[in-house]
Amino acid sequence: MTLAGSLSLRLLLALTTMASGLNIPLEVEQPPTIITYTSGPIIVLHFDTAITVKCKARGNPPPEYRWEKDGQAFVPPNFQTIRANQTKGLLVLHSEDMSKFEGKYRCYASNKLGTAMTNEIEIKAFSIPKFPKETLSPIVVTEGEPITLKCNPPEGVAPRLIYWMTVDLQHIEQNERVSMGTDGNLYFSNALKNDSRQDYGCFAAFNRIRTIVQKNAMAVVVKRLKPANDSSESSHTPVAPPARIPSLLLPSGVQTEKVLLKGEDLQLECIPEGFPTPSVKWIKMGEVMSPRVKFNNYNKLLSLSAVEESDEGKYMCTAENSAGKAVHYFDVIVEEPPKWLTEPPQSQLTVIGSDVHIKCSVSGKPQPAITWRRNGVMFRDDPDKRMQVFDDTVILFNAKAEDSGVYQCEASNRHGNILANVNIVIMNMAPLILTENNQEYAAVVGKEITMNCSVFSSPPSSISWTKDEKAIEGEGFLAFESGQSLKIINAEKGDSGKYICVASNMEGSSAVTAVLDVKDATKIVGPPQNTQVDSGKLAKLMCKTEYDASLQDTFELVWRKETKEIPLSSEKNSRYSVKGAMLEIMNVNLSDQGTYTCTARTSLDEDSATAVLTVRDVPDAPIKLDLSELDSPRNVVLSWIPGSDHNSTVTEFVVEYEENRWEPGRWKELQRVTGNQATAELKLYGNLNYQFRVYAVNAIGPGPPSEPTERHKTPPAAPDRNPENIKIQGHHPHQMEISWEPLSPVERNGPGFEYKVKYRQLGVEDSFTEHMVNRSVFLVNNTPTFVPYEIKILSRNSYGWGPEPKPVTGYSGEDVVFWHCLRENVSVPTAAPRDIAVEVINTTVLRVSWTPVPPATVRGRLGGYNVHWVRRRSLLNPDKILDLSHSMSFSGNRSHVIVPGLEPFSEYKLTVYVFNKKGNGPKSDPVTFNTPEGVPEQVTVLTSSIIQRDSVRLEWAQPPKSNGILTSYLLQYHLINETALEVIDSKEINITGADTNHWTLQGLKGDSLYRFDLRACTRAGCGPPQAEESRTDFPEPGAASQESSFSTHGWMIGTMCAVALLTLVVVIACFLRKNKGGKYAVKEKEEPHSDTESQKMNDDTFCDYSDSDEKPLKGGSLCSLKGDDATGDSVSRYTLGDYADGGREFNEDGSFIGEYSGHRHRGSVSEPNGPSLVNV
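Following the numbering used here, the residues of the sequence shown are numbered contiguously, the last one being 1225.
There may be inaccurate statements among the hints.
What the hints assert, rightly or not - Across the chosen pairs, the derived CB separations fall in these ranges:
(1) V686 x L1030: 45 to 51 Å
(2) G89 x V308: 21 to 27 Å
(3) D430 x D314: 54 to 60 Å
(4) L185 x D380: 34 to 40 Å
(5) R257 x S657: 49 to 55 Å
(6) T391 x K496: 38 to 44 Å
(7) N539 x V990: 27 to 33 Å
(8) G557 x S657: 45 to 51 Å
(9) K374 x G120: 49 to 55 Å
To be verified - List time: in silico SDA-like cross-link candidates among lysine to any residue, alpha-carbon distance up to 25 Å:
(10) K137 x T98
(11) K161 x K311
(12) K855 x S816
(13) K179 x P208
(14) K343 x G362
(15) K966 x P782
(16) K118 x E78
(17) K966 x R1002
(18) K311 x L468
(19) K179 x V216
(20) K103 x S148
(21) K1036 x N1026
(22) K275 x P187
(23) K414 x A469
(24) K547 x S599
(25) K173 x L468
(26) K179 x T215
(27) K732 x A748
Everything labelled a hint here was simulated from the structure, so no lab data went into it.
Computed from a predicted model, the values in this text were never measured in an experiment.
Ideal Cβ positions, reconstructed from N, Cα and C, are used throughout, including at glycine.
Using the sequences and the accompanying hints, generate a full structural model.
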């Protein structure tokens, strides 16, 4: 915008008095101006020996000081007691007796241009307050007469408090009859006989000086009244005083005038005398009493705080008893000390020849009188009539330079005075620019900047701004303070340069240059992101910034939590650390949760960004547990109020119980409920004394338990269930052992617990044989060999029987055969499995199948089959014989199993045999086979070191197990985005040579984070990666942040997306081809974590397989390999349908017939290149 015609700000020549206050720079000669002084009154206490009175003024030339006391020049009585600093205006008074300095003082500050003066400063000195020593005669009165005990307390430092007490410091009781007035006197409306005493004492307390003084004790004697017909001195007959019309002890007379200042507190007091004791009432005549009025001292004192003009008027108090009444009138007048109507008159600067008006507008009640002074000397109209005084106004006509000075206006009435010093400066002066020439200013893009051009002149100057000899134009520029400041509202780089300010008036002109440098703004280009972190983990907040390189020395990055700055310490135990632009908080806890602000700051500007850190922790303990019965004490509902989930949803609540009969102090789990419930219905055992508690569980873990409930006792009852897991075993012929899982003590429900054992031979006997036992095992003798029995086990206690059980069938003991005369046990199986076939599924897993043995050769109940294999040698070192044996047992009757846990690239020998509980049968003929090459294990060591600013050297050690012949290493390296912790760019290198143990990467991006993944490879594929992170060296000094050239080229991103899509299509095609025609191929390239798969297979092999178990082995089945196909060809691919291809046959129960006809190879097998089936 254009500023008043090319930003030229011109002030009109002021020929009249300036309305604003005067602010003349000290570089210009000027009369004194009082800056500060000690205001009165100054209280001097009796222990003070020195006081200091300050007076300070400014002026050019510097002013000198003098003092007046009570209107007279203050001349120190001697140098030792007075020290007045004439250049600083400091007055220090020393004396042991400070009372000699009491009075009213003024300070005068003078130079050649005038004299300024202060208002009066009053010094008050107080000595130690004392009551005068006096002898007090007893006060003798007759019953019913009034008494006044005068205190006359000494003056002292306010506040002063008056008390009436006895000599033993007991307060004199005050009431409607006896009370103390505001003057400190004690008034008795009428005397009673018990008012007689010798120790009435008046005490005056001065808290400010911690002093209490006491008046001599006063004695009061009250004489009894005599009956009218009794002249005896010793008469004791009580006589009531005669009634007496009230009168006022305080105040005296009929009417009192009360004058107060506005804002003071009003107190009107009426203390009556008379008999009976009069009561006091108050009214405001002709008006309603203000609601602010309060009555104290038994209605004898009317109080009104901070009186206003509306409180003026006539008040009346009335004292009345049965004999009559008395009244008193108060005329209340509210006045004011002098005060300025608007503000004190202002100092003025004007040119020679103009008229000057000085107006002193004041108010007050009574109306203040105004006194005028010039340089501290009173004046009236000037004889030559150039100066005229019109009460509250002084006019200087055609003012001249010699009329300059300090004019004082003082307004006073009987309540005080006010004083104003008015500096009148009459001069003509060319512009004086006070701003330093070539002043340098710095600003940032987009912010405001103000350049100054402070000018003093008389008359005022016209001020203009230019840049490059051109007038400044545009809406982005704003001049204010009469052009003495130029503001650029939204600075740009093009605003840098030199600006010239020119000031001129009729007396001349002057110019000054300002230099502006506009810098790049400080920005946060990568603000911190809202983050969730688990308690105890490491939290990271990234804050990437950009700032002007020239401000690098002043740049700082500050982190705050809420509004408090985070202390960053180099101590090892500090949980906070900053690594470049990242704030790390170690071992976070719930107190770390909140809003975090990063502020990037330079000497010119700053930028801030915030993020919320959410800490997830275990839930708090539930509270307010409540237990209530449903239909019985053994069926209850437990409810609770969940605690805080700490930002992780509660998944379940666990109810625990403790009982003090069997296992006191031990808590056991009773029930679990989902996390959206806050109640649990509990089924309890009988004859127990319970207490319960609850804890919550979320994704982080279980929280602390709640406080336990009160004890809950259940009555005894019959058992709720019978024993379970009944086992029938025959360890010897003609015997049957029955055992079961006993009921725990808490399940017995009452005393007198025992079991009933019932058994009978199945299909032979009709009735059960019964026995009562206390143990959980029972032996039946003289049973037939290996015959079925039907068995029941019942529970009972003193309160009844458990429910009717279902029968369990079992067999008695198996046969023992004697061979010739030798008592040799030959009850083990007699036949070995036939047609052993081995199918190598992958490098560590086999499928072994066989033809089961005939049932008659088992010689008892079939226990299962045992697969035994021996690792003969590693094909990496075939000359070394290992002979490492392993075996696995599989329960039940089956014809095939999955065997995990083999070593890749090895030669094995395998046998199978059947077993029963008496022992193992003979082994099958051995089968020899080889496992194929596998992928190597993880590289054990990977380290990185910085060679140059864009180069990293990697070194590693070979994997502990290669599982085949090492062929190469696969190196992948990824550029990481530190804010989002995501991969920006990835590349890979195939390093040939099994003996290579180091590699150097060049051309990396400087000041960046990389992750390196290294895998060892065989012909079967590459193993799991070993990872290493490293940061490249910082780049050369320059801009505070750079963007990756990779991420800024769209064509590169498009190319990568196309390659990724093409790769995905090829993988899918290969997968479909392999599933269609390669069902028996051993996977040639193992993916990482093959050991994990083997472990899962190990777990599965212990499941019970039956002949009908030939099902697809899907992930999640308890009796199959897991479905995580990341470790190789999943076993779940092998289904009955797969093996049925090619005309294979199955028995009716689904098992294989004999052998895989047409698809099996007999004898030992060399290293397989595909699926291998081996049988004998």
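Hints numbered earlier in the text: which of these fail when held up against the supplied structure?
3, 7, 11, 16, 17, 27
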